[in-house]
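> Given next are the chains, with one letter for each unit.
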Amino acid sequence: MLHLWLLPAALIVAAVLVSIPLSKFAVWIMEGRYRPLPGFGWIERKIDSGPQDWKQYTAALLIFNVILFVWGYVVLALQPIMPLNPRQLGMLAPTTIFNSVASFMTNTNLQDYSGDVHFSNFSQIFFTISNQYISAAVGFCALAAIIRAFRGEKKVGNFFIDMWRVLIYMFVPAAILSGVLFIQQGMPMTFKSTIQVATLEPGAMGTDDKGVAKEQTIVFGPVAAMIPIKQIGTNGGGFFGANSAHPYENPSAWTNFITCFDMMMFPFTLVLMFGRMLRKMRHAIVIYGVMLTLMIGMIAWSIYFELKPNPGLTAHPPSVTYKIPSATAKGGFRELTIPQVAGLPIEQHLGNLEGKELRFGTVAGPTFAALTTAVTCGAVNCAHDSLNPLTGLSPMVGMWLNCVFGGKGVGMINLLLFLIIGVFIAGQMVGRSPEYLGRKVGAREVKLAVIALLVHPLMILGPTGLFAATSWGTKAEFNPAAHGFSEVMYQFSSASANNGSGFEGLGDTWGFNANPTPAPTSRQLDIAAGLVMLFSRYLPIVAPIAMAAFLGMKKEAPYGLGTMRDDTMTFYWLLLGTIVIIGALLFLPVAFLGPVADHLGPMPFGG
Amino acid sequence: MSRYFSKSFLLFLFVIPIICIIYPSVLWVIGQVFFPFQANGSIVNGPDGKPVGSLLIAQPFTKDEYFQPRPSAASYDASASAPSNLSASNYALRDRVARSLGPIVVYSDGPKKGQQVAPDIEAWFQQDKFGGQPHIVAQWDDAHNELAQGWVSADPTHGAYVDDWTKKHPNEVSKWKKDNPGTPDPKAADLAVLFFETFSKDNPGKFPSAVSHQSADGKPVTAIEPVNQGSDIQSIFFDMWRQEHADAPLQDVPADMVMASGSGLDPHISLQNAEYQLGRISQKWASDTKRDPKQVRSEIEQMVEADAWAPFGGLAGEKFVNVLQLNLTLRNKYGQPQ
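Just so you know, the protein sequences line up as chains A and B, in that order.
In case it helps, the numbering used here puts the first sequence at residues 1 to 607.
In case it helps, the numbering used here puts the second sequence at residues 1 to 338.
Certain hints may be false.
[As the list claims (entries may be wrong)] The calculated lysine to aspartate or glutamate pairs, modelled on EDC-like cross-linking and capped at a C-alpha distance of 16 angstroms, are:
hint: 1; chain 1: B; residue 1: K50; chain 2: A; residue 2: E215
hint: 2; chain 1: B; residue 1: K50; chain 2: A; residue 2: E201
hint: 3; chain 1: B; residue 1: K177; chain 2: B; residue 2: D190
[Stated by the list, open to error] Chain B residues, not near chain A, derived (Cβ > 10 angstroms throughout):
hint: 4; residue: V52
hint: 5; residue: Q139
hint: 6; residue: D179
hint: 7; residue: G182
hint: 8; residue: S212
hint: 9; residue: K219
hint: 10; residue: P226
hint: 11; residue: Q229
hint: 12; residue: Q272
hint: 13; residue: T289
hint: 14; residue: S298
hint: 15; residue: Q338
Because the hints were derived from the structure by calculation, they are not lab data.
Even for Gly, the Cβ is constructed at its ideal location relative to N, Cα and C.
This is chain A alone, in the form it adopts within the complex (with noise of 0.2 angstroms):
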């Protein structure tokens, strides 16, 4: 079995390996030190604006942002006049447009609607991989105004020559390379919608009134221009409802192994681009090391939980009862019995095999789900919602920590609050005031990072707290009791890490606007988790540049004897303790109530 650990060290190995000349790449284009291709140069002199210092820039940003809104509002809303839309699919309701505009704007692709059934190939070219490169370029070009304001600088740079080089310096050559590599392995490249085809067996699809055998439909499209983007952009909004566990999105092992190595390699690269460019590798190497130490444990854990049978099918030891305290009952206890279960019989030495597909191998399944959520993707290559109860705890942790690598420059942004955190708790403990590159780190910095740090917590448990105590959430859940919970939990969660995948079972569907039976509570999760996306999206970016705005105007203080360094291995255990331990303040009662219950819990659970 041990080879069975190849395929995540590989894709480690891959990543780490790539990151280090990317990275180079990263801060020659993003200093600007480049040539342009003949006419980009004269593109660029169009849209500079000239030097902007955090605040300019900011607004540049959240301006650029609105805009974007409009046009996905726009985009989706035109959908059944625009072209490349054979199959004449109608008007989205207005919360899933809502909802989805919010989505792939904030860079997170939580999708109450599926690609194949709801979106033309107008759609998800404008639409969606518009906002699959735009989105990603955002984040990217914050963390770059971020490490310039560290710096001292007073002028960040200029967002929309950042955006331009990320994209096409960057996004654009990646993405066509990927997806040629995409097409040769399986993946459609066409602008076509759907083929129909007789089945080998003829009328095993059924017969329709007439007795005329059913013919399958299969659905296709520029797929291959799509993919590419959604992994290097961390997107993880997928072209087809299955996303990547989709043969037409993931025909094979291979694109399995480049779809994960795609979406690691920016958010690894951003790492050391942030060391690169503040002249401080050593400091940029602790926190590689810190964030893949807790990408290889969640990795491990989804592996190891997710080799094991499928335990609503094995069979259960003689039944217990337990006696439970009980306010009513004679006596204070009532008697609770699980009773025992006999096993199917099944050959589940592959693990749980349930919304796996086979060709990518056994371990791809809960890698990807490691994986998905550390860099806030939210791909899937398996169905997470049947992925075993502990298994299921790791994609959480992923989006509740949400700096492991994380996504397109908020991950290292996200990462830099605890940081900061961190430096000020350490500072207190010994008593001297606390620094961070050189800098004293003061009340106003520590307030704009816990700001920016609680906004997380409180826009995941809270609409989760309000869903699962109310027939809002309740009525959408679809598997029973903890794991309900669960769905509900993950929903917010991945909304407000910016991540995008789902325990998808949750009844979160309208679709088109004529649907005559919408998922009873699609309306209020659509406005809920589409507002949670953009309160959690633009509050951790502003914050922290103006944190690092105003930590960099201070004066750096002259390196002492009693300074705390940044490039240790004692920093890498305060970084790596106070992101499990708050981490584990925040979310444990959460991760009790839903897998850990769910694991525990009788199995399976009646109904």
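Given chain A, work out where chain B should sit, using these hints.
This is chain B only, laid out in the frame that chain A set:
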């Protein structure tokens, strides 16, 4: 500020054509020129030269002559891919798996080694006792209300059968209405639990199932009737039978044969699964083509061997085969199944 608006528009103006028109077009040209088969969906043609499916998309097979794909939560609808999303704690998962197991599981040891358990399930069912109590169907109904309701909604004929029953049992229905004042006008599905409770008492050892008859004019007619054998009983009640026969030695079925894939369209089955189906398939082809079963079996074995492969030389997983590819080979070699 207005300057930022105009610059944002300009950025859009330059970027959108590149990422939404030029970029997909470049990939489209590369795909259509160098990889036309893959770029157009890996579509393969049947014996008559017409497209029969995609090598990457599962399609259903019902005939015993063909390898069957993994179960699909999407009913093999390649325009609406979907996983089952069932969690381990959801009884619906165990129920679905148990139903597909019942008709195929065989004894692995003991005097009945190699024989199917299905006849034993029927015999046990006819005794109509579970856990020492009478009425299996009533107990099933009581433990799994949702399955009972699911049966009623599964098919219009089921609903009609319950409606028919409602008319004949006005007393029970009016009592139900008194107990459930919130539903003054119950539909068939609302009454499902009550229906099975009384059905079980009226028809001990029986379950309502579709039965085909010759009608007077020679046409086949299907109607719902109480039966004491058949695939419904073998599948629906396999899990309950198993609870009372926990020690019966049964041969394990490969997991991917009964567990649904992530997309509902997984085109592959494990080599283990293919070998499990081999006996049925080769027997059927041998009788269709009137040839020596042993020889047919070894021919098909070779086909399976030739098609089976594992990614990364087996480092990432175990061997699997492509269902459509295999079935196409079978079809081309042996002709039309009978």
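> Are the hints correct? Go through all of them and say.
Quick rundown of the hints versus the structure:
A hinted pair counts as satisfied when its Cα atoms are at most 16 angstroms apart, and K50(B) with E215(A) qualifies at roughly 12 angstroms. Note on K50(B) and E201(A): the hinted pairing holds, with a Cα-Cα distance of about 13 angstroms set against a maximum of 16 angstroms. For the hint linking K177(B) to D190(B), the alpha-carbon distance of about 10 angstroms falls within 16 angstroms, and the restraint holds. Against the 10 angstroms criterion, V52(B) falls within the reach of chain A, whose nearest CB is about 5 angstroms from its own CB.
For Q139(B), the condition that its CB be more than 10 angstroms from all CB atoms of chain A holds, with the nearest at approximately 13 angstroms. Distance check for D179(B) against chain A: the nearest CB is about 22 angstroms away, which clears 10 angstroms, and the non-interface claim stands. Taking the minimum C-beta to C-beta distance to chain A, about 15 angstroms, the non-interface status of G182(B) holds against the 10 angstroms cut. The beta carbon of S212(B) is kept farther than 10 angstroms from every beta carbon of chain A, the shortest such distance being approximately 17 angstroms.
The beta carbon of K219(B) is kept farther than 10 angstroms from every beta carbon of chain A, the shortest such distance being approximately 14 angstroms. Against the 10 angstroms criterion, P226(B) stays outside the reach of chain A, whose nearest CB is about 25 angstroms from its own CB. The non-interface label for Q229(B) is consistent with chain A: the shortest C-beta to C-beta separation is roughly 21 angstroms, beyond 10 angstroms. Q272(B), annotated as away from the interface, has a beta carbon of chain A within 10 angstroms; the closest lies near 7 angstroms.
No beta-carbon of chain A comes within 10 angstroms of the beta-carbon of T289(B); the shortest separation is about 17 angstroms. Listed as outside the interface, S298(B) is consistent with that label: its C-beta sits roughly 23 angstroms from the nearest C-beta of chain A, beyond the 10 angstroms cut-off. The beta carbon of Q338(B) sits about 12 angstroms from the closest Cβ of chain A, which is more than 10 angstroms, so the claim that it is off the interface holds.
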